[in-house]
Every structure is written in C-alpha cells, then in structure tokens.
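Heads up: the protein sequence lines correspond to chains V and D, in order.
Here the numbering used here is used: position 229 in the first sequence is 232, and no number is missing along the way.
Here the numbering used here is used: position 31 in the second sequence is 156, and no number is missing along the way.
Everything labelled a hint here was simulated from the structure, so no lab data went into it.
Treat the numbers as computed from the prediction; the structure is a model and nothing was measured.
Note that the Cβ used here is the ideal one computed from N, Cα and C, for glycine as well.
Please note that a few of the clues may not be correct.
Rough simulated footprint, nothing fancy, chain D against chain V, three-plus residues with beta-carbon under 8 Å [to be verified]:
no.: 1; region: 351 to 359
no.: 2; region: 372 to 382
no.: 3; region: 390 to 397
no.: 4; region: 401 to 411
From the structure, some residues in chain V lie toward chain D, with a derived Cβ separation under 10 Å [said to hold, decoys possible]:
no.: 5; residue: Trp283
no.: 6; residue: Leu313
no.: 7; residue: Ser316
no.: 8; residue: Leu321
no.: 9; residue: Leu324
no.: 10; residue: Leu344
no.: 11; residue: Leu348
no.: 12; residue: Leu385
no.: 13; residue: Ile387
Straight-line C-alpha distance at most 25 Å; calculated SDA-like pairs for lysine to any residue [what the hints assert, rightly or not]:
no.: 14; chain 1: V; residue 1: Lys369; chain 2: D; residue 2: Asn521
no.: 15; chain 1: D; residue 1: Lys498; chain 2: V; residue 2: Tyr375
no.: 16; chain 1: V; residue 1: Lys369; chain 2: D; residue 2: His518
no.: 17; chain 1: V; residue 1: Lys369; chain 2: D; residue 2: Leu603
no.: 18; chain 1: D; residue 1: Lys133; chain 2: V; residue 2: Leu356
no.: 19; chain 1: V; residue 1: Lys365; chain 2: D; residue 2: Gly517
no.: 20; chain 1: V; residue 1: Lys365; chain 2: D; residue 2: Lys498
no.: 21; chain 1: V; residue 1: Lys369; chain 2: D; residue 2: Lys498
no.: 22; chain 1: V; residue 1: Lys365; chain 2: D; residue 2: Lys133
no.: 23; chain 1: D; residue 1: Lys498; chain 2: V; residue 2: Gly392
no.: 24; chain 1: V; residue 1: Lys365; chain 2: D; residue 2: Phe604
no.: 25; chain 1: V; residue 1: Lys365; chain 2: D; residue 2: His606
no.: 26; chain 1: V; residue 1: Lys365; chain 2: D; residue 2: Leu603
no.: 27; chain 1: D; residue 1: Lys498; chain 2: V; residue 2: Gly373
no.: 28; chain 1: V; residue 1: Lys365; chain 2: V; residue 2: Tyr375
no.: 29; chain 1: V; residue 1: Lys365; chain 2: V; residue 2: Trp249
no.: 30; chain 1: D; residue 1: Lys498; chain 2: V; residue 2: Ala446
no.: 31; chain 1: V; residue 1: Lys365; chain 2: V; residue 2: Ile391
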Amino acid sequence: MAAAMVAPLAASLYYRDGAQYALLLAAVSMAAVGLLLRNLVGRHATYELHERESFWLTSMVWILVPLGGALPYLFTGSLGSFTDAAFESYSGFTTTGASVIPDPTAIPQGILLWRAITQWMGGLGLILFVVAILKRLNRGALQLYSAEFSGTQQRKLHPHISTSVSRMWRIYALITGVLIVLLIAAGNGVLDSVCLALSTVSTGGFMTTPLGMSGYSHLTLAILTLFMFLSGVNVALLYNLFTLRWRQLRATHEFWVYAAVFLLAAGSCAIAFGMAGNPWDYSLAYSLFHIASTISTCGFYTDPPAAWPLWASVATFLLILSGAMAGSTGGGLKLRRLMTLFLYLRNYLTRMLHPHVVFSVKIDHKVVAGEYVNKIFGFVFLYICFIIGGAFVLTLSGSGIADAFCMAAANMSNLGPSPLINSLGASLDYALLPDAAKWTLMALMLAGRLEIFALLAIVSPSYWRLRR
Amino acid sequence: MRNASDWKALLRFLGVILMAEGGLMGLCVVPAIHFADGTLWHIVACSAATLSVGGGLYYAFRNELEIKDRRMSYLLVTVLWLTLSAFATLPFLATGSTRSLTAAWFEAMSGVTSCGATVFADVASLPASVLLWRSMTQWFGGFGVVLLVLALTPRLGINKYSLYTAEASGADNTGKTSVRTTVTVRRTLAVYLSLTVVFIILLMLSGMQMWDAVNLTFTNISSGGFSVNSDSIASLTHTQQYLLAGAMLLSGVNFTLLFMLVTLRWRQIRHKVDQLTFYLIICALASAFVVLALHYHSGYCWSDALRLGTVQTLSALTTTGSVVGDYTQWWTPVVFLLLMLGICGGMAGSTSGGLKVMRVLILWRNARGILRKRLHPNAVDPVRLNGRPVSGHIINNVLVIFMVFGATLMFGVMMLMLSGVNATEAIGASVGCLTGYGPGLGASGGFGCYAHFTASALWVCSLLMLLGRLECMTVIILFLHRFWHR
Chain V
4 MAAAMVAPLA ASLYYRDGAQ YALLLAAVSM AAVGLLLRNL VGRHATYELH
54 ERESFWLTSM VWILVPLGGA LPYLFTGSLG SFTDAAFESY SGFTTTGASV
104 IPDPTAIPQG ILLWRAITQW MGGLGLILFV VAILKRLNRG ALQLYSAEFS
154 GTQQRKLHPH ISTSVSRMWR IYALITGVLI VLLIAAGNGV LDSVCLALST
204 VSTGGFMTTP LGMSGYSHLT LAILTLFMFL SGVNVALLYN LFTLRWRQLR
254 ATHEFWVYAA VFLLAAGSCA IAFGMAGNPW DYSLAYSLFH IASTISTCGF
304 YTDPPAAWPL WASVATFLLI LSGAMAGSTG GGLKLRRLMT LFLYLRNYLT
354 RMLHPHVVFS VKIDHKVVAG EYVNKIFGFV FLYICFIIGG AFVLTLSGSG
404 IADAFCMAAA NMSNLGPSPL INSLGASLDY ALLPDAAKWT LMALMLAGRL
454 EIFALLAIVS PSYWRLRR
Chain D
126 MRNASDWKAL LRFLGVILMA EGGLMGLCVV PAIHFADGTL WHIVACSAAT
176 LSVGGGLYYA FRNELEIKDR RMSYLLVTVL WLTLSAFATL PFLATGSTRS
226 LTAAWFEAMS GVTSCGATVF ADVASLPASV LLWRSMTQWF GGFGVVLLVL
276 ALTPRLGINK YSLYTAEASG ADNTGKTSVR TTVTVRRTLA VYLSLTVVFI
326 ILLMLSGMQM WDAVNLTFTN ISSGGFSVNS DSIASLTHTQ QYLLAGAMLL
376 SGVNFTLLFM LVTLRWRQIR HKVDQLTFYL IICALASAFV VLALHYHSGY
426 CWSDALRLGT VQTLSALTTT GSVVGDYTQW WTPVVFLLLM LGICGGMAGS
476 TSGGLKVMRV LILWRNARGI LRKRLHPNAV DPVRLNGRPV SGHIINNVLV
526 IFMVFGATLM FGVMMLMLSG VNATEAIGAS VGCLTGYGPG LGASGGFGCY
576 AHFTASALWV CSLLMLLGRL ECMTVIILFL HRFWHR
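Okay, chain V solo, but in the shape it has when bound:
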C-alpha cells in the first residue's frame, strides 16, 4: 500500500522535470527494476502534482523519491530491512555512495544498475532540479536563490533557463557516455562500465565489488581519476570548455584554486606515502586516485597502501570538508565559499589595523556583496552545527568521538566511504551500524545535498505561517 502511494508520486515528479529526463529515467529504471515497479509507474503516471512552494517541492522530492527508490531493494530481496533499503537509496540519490550491501557481486545485476542510476539521477537532479524550479520564481528571487545555492553569484550559461538546463544536462550525459566508452575500451564489462561511469560522473561512489576498486586495471583507475577530477568542476564551466571558450577558464579563479588544491594535496600525500615506505610509483598513483576521489566527494577507494601516514588522514579530512567547485555534482562546503571566507578574513585583519579602510571581497574580478558573505558565513555555521549534531547522535548510538566526527563529515559532504574512517580503526562497513545511526546519516546526507537551507526552511514554523 505504501509502495503504491510513493511510487506514483516519484513517477509524477519525474514527469514534471521535463520530458526527456523523465522518459529516459523511467525507461532505464523500468528495465532495471523489473516488471513490478514498471506496472506501478505506468498505472499512476497520470497523477500530476500541482504548483507548490519551491522549498516544499525540493525537500519533498528529495525525501520521497529516495523512499520510492528503496523499493527495488526490498522487492528483489537484496536488502532485508526497510532501514537498509532506505539507507542505500538515500545514499544513492544524494550521491553519497555509502553502501550497506556487503557483497555487491551477490545481488542481481539489475539492482546494481539501479543503484548506479539513482546516483546519476541524484547528481543530475542537484544541478537541474534546482534550475528547473528557478523558472517559477520571479526575477529577484531567482538571483537570491541561485546565489545562495551555488555559493556566490555565477554567470548563467544562457539567458533562458531552459536553454541552460538543456545544455547542462547534455554535457553531463556526454561526459557519462564518453566515460562508458573509455571504460569499455579499457577492457571492463559493459554493465561494470556503465555502473562505474554513472557513479563517477555523479560523484556518487557506489562500487560493484566488495573490495572497492582494487581489482581494476591501472588504465581503468587512471581514467577514473581523470573523470573524478572533471566531475568536481562546475558543469557550466565544462560546457564552456567543450565549446572552446577558453577565456572562461582563465577567468574562473575557482578552477585554478581547485586544480592547485588537488595537485598540492595529491603531491604532498604522495610524498607522505613514499616517505612512509611505500613504492614511489604506487604512492603517486594511489594519491592521485585517492585525492581525486576525496575532493570530488566521489568516495571510491582501492587497496590502501600498507603504511598510511598521518598527513594523508589530515589532508583527507580537510578535503572532505572543503569539497570541489560550486556548481559541480560534488558535496562539501565548496571551494568558492571558502575562497570568499578567506578573502573576507584577510580584509578583516587589515581592517583591525586600519579601521577606516573600505574593502570588498572580489572573486573573478567581481565584487561579492556583503549580504552574500554573511549568507556564506551562516551556511558554514549551520554546516558545522549539523556535523556536530550528527556526530553527537552517532555517539548516542555507540560510536567513538573521532569516528563519529569523520562519519558525520563524510556523509554530510556526500563522500560516503573513505579510508580515513578505516585509518582511525573504526569499521568502514556501514552495514554494521545500528538503525538509529543509519537514519542519522541519511538525514545528514540529505542536509548536505540540499545545502541545509531548503531542508530547514520547510521545518521552520515561519514557513508554515507564511502558507496560511
């Protein structure tokens, strides 16, 4: 009965997003999930949701769709308990990639594909869904919304939002397609390639073997590293690159910061691994892979090196918090926000010395209004509050303090599994957590994915006063 209620809602929500999106997803998911869900979707597809508040819509979609997405796990019996199924589904849709399936090779291949597709939808949804909603808001609200959403003001791809949307999703699909072809060319199975590609491009991180990425060829790992890095880049920027507008690349300072942070972290980790006694070539390759996976909050892992130096843990934790570029599919605080904060801090210190100096924060040669700086601060404060609150609840359900922090941060940033948590001596296996901890992590994933405000808005009393 519950299934019958949730599935049509999910289906109708898909249909509202635009026909191609919906049809593609419906078709692929039907093929993957099987006849049962397909019947449900088909029968109730006529139920359309009416015009509603965008916050309400965003949050309800993100809460209900994953619940619907949990059904395949239950129906096929891959996961026994409702909590596990919901966890897997939330983890997928929020592109977190934390899995409670102990052995992905033992479950039906359709489910593997479904897992990957949920991530792909989640990754795409993050970019597109919000933009689609923007259509309904008036112009002032639109600017406010987009500014808050992606950190600071950003150029739109095209004056028409629908054009921007279609460009974004085309580039997203294109990258996925290229990656699938490359992976197949590198000698992987078709299903494997598709799953991995979907997980990578969406920065999700579900893997198809119980051993993580250990069993794959070096070529595969190298390809994945490159694409993980790319998936941390702003999708709009990728489009500009694709259409050979190089000037955009040069003008986007965030990209250079991103590249610098990536190289610096990977380089220093490689040195740390090498100094710890691992072979140098392996250290370098592993660092590149690991750092790309962390900074894009993808969450793939391979066999960690025998000696895991401390610097690697520290760098990993910092990157988990920072995340990649704003407007990418990755999670975390986003470098653009951190850049703003850093520049503001520098100005602030100068003002302590010269109280009457007037400064402004500039990114890409454009002034960031004080109001946005305040919003970013507020966001970071809430982000930290969520991590602390999440960690507190995790300790209630029996985790140690350090693991609780790492787990809360990793899931808030939609990273999922990370060797960091292992290096603290805790288990990487999310399946062993008690149910309460799983629900906490789900809440964190959701909060991280929706960047908090949309989620908080609908639980705030003043929202409901407004509606009345």
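Given chain V, put chain D in place with the hints provided.
Same frame as chain V, but now just chain D:
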C-alpha cells in the same frame, strides 16, 4: 612599526607587569616558610630576578608614556602573555619541579592563560610554594593581567580603550558599566577580589584547611582548574564540591553584570539579560542531560549523579576544568557534550574561555535570520540582542571569530596528530587547550595529565592556549604582512 618611542613604551609596560608578577611570586615565600619545603631561597631568587628585570625595564624607559600606534597594542598583548609565561616558568625550573623547559613552559602557559592542563602526574608531591604559584598564575591570568594593570592605568597612560578591545576582542563593547574604562576595571577588580575572599571564607566554613581553600578558590574563581590534589576536586566533601561549582558558575558570568547584581542595579541588567538567560538555560539543560545520563545509563545513584553531573557540567561550560569524576569513562555522548560545552564557554567579560555564550547566541540568531530572509525576502528583520538590533559590523566580527576559532581547533587537532597523539586524544587536547578547559580525552583527560605528550605536542598545546586566551585574532594579526610594513 619604526616608531622607537612606541617600542620603548611597550617595554616600559612590560616592566610594570613584570614587577607585579615578581611581587606575587614573592608571596609564595609564605608557604615556603610555613611548610618549610626547602624552596625558600629558590623562590626569593626567582622573585628577585623577575622584579629586577621588570624594574630595570621600567626605569630605563620611564619617560615613554604612551603607545600611540594601534598595532602596537595588539603586539603588546601577545608579547605580554609570552613574557609573563616565560617568567612564570622560573619557579618550576628553579625548584627542580621539572627539568624540562618544555614542561615548565607548558605549565606556566597553562597557568597564565587559566587553562588548567598540567604535566605533573602527581601534583601533591610538588613543593607548597610551587603549588601556590600555579594557583596564583591562574588567578591573575584568569582575570586578565591586562585588566589588572588597567586598574592602575591613569598613571601608565596607555591608550586604554584600544588595549581593552585588543584583549577582549568580542562584540561586547556595549557592556561597560561606566563610560570610563578605568572605572569599569576597578569595579570588575572589586567584584573579583570580593568573590575570592567570600569563597575562601565559605570553603573554610565548610571545614577546609585554609591552604586548600586559598588554592582552590584561586583556581576555580578564575576558571583555571589547577588543584593541589592529584584527583583534582574529587576527594572533597560534597558541600565543598557544590561550593566550588557555585564559584565556577559565577566565574562564567560577566563581571560587570555581577557588579550590577551585587549593587542591586536591576535596571541595567536588561542590557545583558539575553546572555544571562541563555547561559543559565544552557547550564540547566546540559546538567539535566548529564545527570539523567549518569543515572539511567551509567547507573549512579541519584545523589551522585546530581553532584557529578552538575559540577562537571559547570566545570566544562565555564572552561574551569576541575574534575569531580573521571568523565572519560562516562557514556560517550556525555563526554561529547562536555567538549561542546567547553567550546561554547561562559559569558563574554567573564574569566571563562571558549567562544562565549553571547557569540553563540548571535551566530544562532544570525543563521535563523538568514533562513527567515529566504522565506520573506523583503522583510527587515535584524538580529536582536537584548531587544536591540545588532549592527552588521558586530555580526561579522562574531562570524569571523567563529571561523577562525574553528579553523584553529582543526589546526590544533592536525598538529597534535602529526606530533604523534592519537585522534581521540588530539581532539580532546585541542579543545581542552584552545578553550581553556584543560584536561582532554583519553590519558590526558579526567584525572590524567599531559606528561606523556611529546615535546612538540606540548608546544602545540601551549600555542593553542595562547591563541584561545587572546581569542585568536590578536595573535594571528601579527602574521599579517601588512602588520609590519605600511
């Protein structure tokens, strides 16, 4: 920074402070004589050395009266604490309490920043004079030597206001009891002194020896947390523990507010009523949670749960760091909560460390305001405190300090882990030192000490204490290129 007269004025100021420190050090001869612990001449020598350096500086630069450059007052505060700490190491080294300079520096810094982390596993075996010196560093450190000296400033002629803001770089510039800083400082000092005396008397009335009463009052009223016993305050009677909890509670309240309360100026309380309410609410809620957890989860009987819960919660919230029971063995969420309370801290303008209740309140209301703004984009709804709108400048101030505090905390954890401390202990020590709580987690928490830390870890901890006490910005600004070059 090329103005020589500013430098001279700075040195002169240091001289005055050092003379004060030397004088207080001299007071430690009293227990040395009374308990005949054989450290009399060591203490006299240390005191004389400090006094003569201070006197020398003062005499050499006696004509340089005023610091004009704003930058100099930032520098002064940092240099002041470093110097104080440097001279405070003398008694530890001279009496042979420790042979390592690192350990002595750590202990001295922990004293003057009223942190309360200790490297001595068995403090009871230390000479009485050194014990009193530890308590005394906390007592004057906790109050802020700057404020102490400001009481005498009419003659020192330092630009008082800029110095005051440099140390208490909080948002709370509205809370002066009087327009004149000097009067504020005198009143604050009066409150502090009378609190000290009252609690010494109360503790003695409850049957404590004068020696313990003096030491414990010094360390608890300053939210420091050193003790003369190895088990901190666990072996005291229940009444005495509750009394000390009262001292801690008061030490977390803004001193100006205390002055108003004592002198029955009820009307002026409204300027701080929000912070006070919030502080008391946090106290009540956190204590209630800890007490319930201790009773239902850890199985303590009600009276023990009540005592351990309230005393330890207050100790954490006011960042005192006195330990009434080995909290590291308690339920993990309780430990977690205690850490978070330490980060929250007491009220601004009190001796406690941490972020301060008022900042947390502003942060919270600002976040709520942003949320509301999203729902009602055209509403004018400023952040209010005590019924008055808070200016954007102050909000940004608070936000910046929060960020920097958080970043410093993470930096501390990172550096401690790199110096070979395990993750849990690194988190505990970083919180403990930065907030001024003192004991952390694991072997360095509870009744434990920092003796097993490597030298580099101890230096990191000392740095964190300094940063925490001076609220980060004052120290960090010194690393700004523009600070040294125009």
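Going down the list of hints, with the structure as the test:
1. 351 to 359: Since three or more residues must qualify, the claim that chain D covers the region 351 to 359 of chain V holds, with 6 doing so at under 8 Å.
2. 372 to 382: Our answer is that it holds, as 7 residues pass the Cβ test (under 8 Å) against chain D, meeting three.
3. 390 to 397: n = 3 at 8 Å, threshold three: holds.
4. 401 to 411: With 7 residues closer than 8 Å to chain D, the region 401 to 411 of chain V meets the three-residue bar; holds.
5. Trp283: Violated - the Cβ of Trp283 of chain V stays beyond 10 Å from chain D, reaching only about 22 Å at its closest.
6. Leu313: holds (5 Å)
7. Ser316: holds (7 Å)
8. Leu321: holds (7 Å)
9. Leu324: Holds: closest Cβ of chain D sits about 8 Å from Leu324 of chain V, inside 10 Å.
10. Leu344: OK, holds: Leu344 of chain V within 10 Å of chain D, min 6 Å.
11. Leu348: Because about 6 Å separates Leu348 of chain V from the closest Cβ in chain D, which is inside the 10 Å limit, the hint holds.
12. Leu385: holds (5 Å)
13. Ile387: Since the shortest Cβ distance to chain D is 6 Å, the answer is holds.
14. V:Lys369 x D:Asn521: Judged against 25 Å, a Cα distance of about 21 Å means the pair holds.
15. D:Lys498 x V:Tyr375: holds (12 Å)
16. V:Lys369 x D:His518: holds (22 Å)
17. V:Lys369 x D:Leu603: Violated - the C-alpha atoms of Leu603 of chain D and Lys369 of chain V are around 29 Å apart, more than 25 Å.
18. D:Lys133 x V:Leu356: holds (20 Å)
19. V:Lys365 x D:Gly517: holds (19 Å)
20. V:Lys365 x D:Lys498: Holds - the C-alpha atoms of Lys498 of chain D and Lys365 of chain V are around 24 Å apart, at most 25 Å.
21. V:Lys369 x D:Lys498: Measuring from Cα to Cα gives roughly 24 Å; hence the hint holds.
22. V:Lys365 x D:Lys133: violated (40 Å)
23. D:Lys498 x V:Gly392: Holds - the C-alpha atoms of Gly392 of chain V and Lys498 of chain D are around 24 Å apart, at most 25 Å.
24. V:Lys365 x D:Phe604: holds (22 Å)
25. V:Lys365 x D:His606: holds (20 Å)
26. V:Lys365 x D:Leu603: holds (24 Å)
27. D:Lys498 x V:Gly373: Holds, at about 15 Å.
28. V:Lys365 x V:Tyr375: Since the Cα atoms of Lys365 of chain V and Tyr375 of chain V sit roughly 12 Å apart, the hinted pair holds (cutoff 25 Å).
29. V:Lys365 x V:Trp249: holds (21 Å)
30. D:Lys498 x V:Ala446: The given pair, whose Cα atoms are some 24 Å apart, holds under the 25 Å limit.
31. V:Lys365 x V:Ile391: violated (31 Å)
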